[in-house]
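Residue numbers (this note's numbering): 44 to 185.
Derived by calculation from the structure, the hints in this document are not laboratory data.
Just so you know, not all the hints are guaranteed correct.
The calculated label-pair distances, taken between Cβ atoms and stated as ranges, are [claimed, not checked]:
1) ILE86 with THR47: 19 to 25 Å
2) LEU132 with TRP169: 23 to 29 Å
3) LEU132 with PRO76: 16 to 22 Å
4) PRO76 with ALA143: 35 to 41 Å
5) TRP169 with PRO76: 32 to 38 Å
6) ARG97 with THR47: 25 to 31 Å
7) ASP66 with GLU177: 32 to 38 Å
8) GLU60 with LEU132: 16 to 22 Å
9) ARG164 with ALA107: 18 to 24 Å
10) ARG97 with ALA72: 17 to 23 Å
Yeah, the Cβ is synthetic: ideal placement off N, Cα and C, and Gly gets one too.
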Amino acid sequence: MTNTPEQIHHVWIEWHEATKGRDRDRMAALYAPDATFESPTVIALNGTGDGVLRGAEAIVDLLAKVWETTPGTLGEWYRTSDYYTNGSLLMWEYPSEAPAGRQAGLVESMDIENGLIARHRVYWGWVGVRSLLEGAGGAQPG
44 MTNTPEQIHH VWIEWHEATK GRDRDRMAAL YAPDATFESP TVIALNGTGD GVLRGAEAIV
104 DLLAKVWETT PGTLGEWYRT SDYYTNGSLL MWEYPSEAPA GRQAGLVESM DIENGLIARH
164 RVYWGWVGVR SLLEGAGGAQ PG
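Using the sequences provided together with the hints, build the complete structure.
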């Protein structure tokens with residue numbers, strides 16, 4: 044399914060602003076009701092599972108938990124104005140090198156259907172993994 048460029052750009056802008064503003068309602072409006080979310084945060088914050096959440100409500104609950112339990116540890120949420128899309132896939136990076144120093148270093152990958160996030164995958168760099176391990180009380184990577 045191909046989305047309009049405006050739909051893709053809307054998700055790209057709104058997801059970033061909702062995250063920076065920790066705006067649960069704004070975030071919830073971006074996900075399809077049956078969306079899936081894959082990230083190490085699912086296991087790190089829930090303690091179990093396969094790393095996949097199903098359903099917009101569960102996804103937004105987890106993201107709100109991330110905002111509450113990791114204040115400031117993920118960084119400034121700096122990103123450039125670059126993103127990739129083919130009309131259904133949307134990807135961008137939060138690089139580990141940011142103007143204010145280091146940040147988590149994430150790649151957001153989303154399948155967009157009818158202007159909503161249907162499948163969301165987050166790929167973590169070493170700075171983010173270290174933050175997750177510290178937050179979970181685990182050992183730091185070498």
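Practice task
With respect to the beta-carbon atoms only, verify the hint that ARG97 and ALA72 lie 17 to 23 Å apart.
Solution key: 18 Å, holds
Problem - Whether the CB-CB distance between PRO76 and ALA143 falls inside 35 to 41 Å - result: 36 Å, holds
Practice task
Confirm or reject the claim that LEU132 and TRP169 have a C-beta distance inside 23 to 29 Å.
Solution key: At roughly 25 Å between Cβ atoms, TRP169 and LEU132 fall inside 23 to 29 Å, so the hint holds.
Exercise for the section: State, for the Cβ atoms of ARG97 and THR47, whether the hinted interval 25 to 31 Å holds or is violated. Expected result: Since ARG97 and THR47 have Cβ atoms about 27 Å apart, the given range 25 to 31 Å holds.
Practice task
Evaluate the given range 16 to 22 Å for the C-beta pair formed by GLU60 and LEU132.
Solution key: The hinted range 16 to 22 Å holds for GLU60 and LEU132, with Cβ atoms some 21 Å apart.
Exercise for the section: Note whether the CB distance of TRP169 and PRO76 lies within 32 to 38 Å or breaks it. Expected result: 34 Å, holds
Exercise for the section: Evaluate the given range 19 to 25 Å for the C-beta pair formed by ILE86 and THR47. Expected result: Given range 19 to 25 Å: violated, Cβ gap about 35 Å.
Practice task
Take a look at whether the Cβ-Cβ distance between ARG164 and ALA107 falls inside 18 to 24 Å.
Solution key: 19 Å, holds
Exercise for the section: Starting from the hint 32 to 38 Å, judge whether the C-beta atoms of ASP66 and GLU177 obey it. Expected result: 26 Å, violated
Exercise for the section: Indicate whether the distance between the beta carbons of LEU132 and PRO76 respects the range 16 to 22 Å. Expected result: Holds, at about 20 Å.
When the structure is compared with the earlier hints, violations turn up for hints 1 and 7 and for no others.
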